[in-house]
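Peer 1: Full structure from sequences and hints, please.
Chains as they are written, first to last, in the numbering used here: chain A, 1 to 201; chain B, 1001 to 1223; chain C, 2001 to 2253.
Honestly, the hints are just simulated from the structure, not real lab data.
Every value quoted in this text rests on a predicted model; they were computed, and no experiment measured them.
Just so you know, nobody snuck in bad clues.
Listed below are the simulated DMTMM-like cross-link pairs for lysine to aspartate or glutamate, each with C-alpha atoms no more than 20 Å apart in a straight line:
1. Lys-2245(C) x Asp-17(A)
2. Lys-2245(C) x Glu-2232(C)
3. Lys-2159(C) x Glu-1223(B)
4. Lys-2159(C) x Glu-58(A)
5. Lys-2007(C) x Glu-58(A)
6. Lys-2159(C) x Glu-1078(B)
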Amino acid sequence: MSLLLEANGVTFRRQGDLVFAPVDLQLAAASALVILGPNGCGKTTLLRLLAGILRPAEGQLLRNGSTAFLGHASALKGDLNCRENLDFLRHFHGRAGLSSSQALVRTGLAGLGLRPARTLSAGQKRRLGLAGLLVAPRPIWLLDEPYASLDDAGGELVDSLLAEHTATGGGVVLSTHQRKPRLRAAHGELVVRKAAPEETA
Amino acid sequence: MSLAALPALLARDLRLAVRHGGESLMPLFFLFAVLILVPLGVGPGPNLLASIAPGMVWVAALLASLLALENLFRPDFEDGTLEQWWLGHLPVTGLVLIRLLSHWLITGLPVIIFAPLAAQMLYLPDQALGVLLLSLLIGTPILSLVGGLAAALTLGTNRGSVLLSILVFPLVVPVLIFATGAVSAAADGFSPRAHLGLLAALLVLALTLVPLAISAALRLNIE
Amino acid sequence: MIWKTIKVGFHRLGSPASFYRFSTLVSPWLWAGFALCTAIGIYYALYVVPPDYQQSDSFRILYVHVPSAWQAMAGYVVMSILAAIALIWRIRMTEIMAMMCAPIGAAFTAICLATGSIWGRPMWGTWWEWDARLTSMLVLLFIYLGIMGLYAAFDDRRKGARVACILILVGLVNIPIIHFSVEWWTTLHQGKTIRIFGESSMHYSMMPPLIWMTIAVKLMFGAALLDRSRNELLTQDRRKGWVQKKLKSQGVS
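Peer 2: Right, here's the structure in full:
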């Protein structure tokens, strides 16, 4: 089974202090990994590290495939409408995925294509972010709190998208502190711990 | 990710600029505000105006470019689109150059297009007009590059705009000197080649080094 | 091989506790050397050197003006070297030291400008002259201020230091260009600039105090840099174990 993502003893420092205890993880193709932990323990930081946005202070990180990162910030332009936002992502990443209108239908946003993204509700913005994953397919999905601000139907949408993605050989790392995802694929759990204060002699 | 990403980014940046219509026209309003206010301030004498014309057009171009800097990277930084730049396989310097190109198209190009009109309003000698346009063509991209660097450096701070002008001012001194020197030389009937050559050298230097510095600064700021 | 040795050396000196020991040991000697050299220099400058036949006594300000100007520029070079090391090897102590160079360098630049202006009043008849050196010194002051402002604007000290280090290196490339452009600009606009002393016009009897004062200023730069860096380090690490231990051993709780 091929590995999509591998981390060995990865750490990150903010103002010289470790954010979390060193992390080891492996993500195989067609599998998922759930990152658990209380607020402020560094789940987002870890995901940003895995995405390559942050550079680890120590340890090694191997990525085998292109990466999609969906964070708290929506990465959408409020002044563009939904379709334009998706079209941009599609062209930016090489036009291989669903068309923008297909992605809008799949995420339950049919009919909202011409609405400026800033007028969407928080849950609708989340759905648009998920649609962005579909128009530009990438094997590794890193999702930060994908269930946040979604209703029950939205939560089920996330579950089914995850199932489809892992069924086609993709890998998912997601963080959550609330709802346990109902993952049909093999999945592991990883608890992020705050680092013990270290002594600099 | 293919090279198609670059035109996609440029197209989106320009579309956003058009959608912000009023904001994007600010640099041009600014140019004309300077052109109208300065003669009111120093008096309408053609000789005086002609002698300060190159400097005024250039100062207006500089301020116009400063105006739009605060929005060069900050909206992308805040809505999370900037960090997506590090996910792709495209070098960030390429994306930086595209962003600077759109900044130049919005702030530099309008000033160049309206410079002949400004030159007429300030009685700039006709033989200097071509050199003024050429100096703007070579020099305004340097303003975008240097300004972009200052914007990238101050991105993670919350009082960016004051710092921005402090950082930009010393770095653009040579541009201002060589560009206005070229125009003044042409107006006085001398050859502007030496000035323009040095200006072009500055552009080459800035074009090679500044995008690297901007990528490094952006990277530090999103961490 | 050599790089490796240098890198290891920097890392060792770069550990906060050993820098603390090193700087507390060295800086008093630098201050003492500074006091001694200044005393000798000022004595020579005020009592031994004869008055100039043109400028009478007013030229004596050069013994403050010139060493400050040199140090303002040398300080930038020192700062750039530290910044380059900080960016390449990510050594925290060099980041702090590079940041602490900026206010000292800015102070010397300001002293240079102020004394130049005071000197210019009797010599040129104006407080300010758009002279190439004065103008590029003014620009240098703004670059120093920009570096300080940038560092101060960040909540995260380390991030601020690294971002400011990029600015320092950009400034290093730019300063020669700025100096050259300004020199050219002034020669274009007002003919050859006034030169107060060229190589030959300075009499050898005027030299000794200049040398003493230059050494004094260099020692003072080093001493101030060590002290400032130590203070900044203590402020940043005030909650860390090694500082707490130091405080306890000195009887402060």
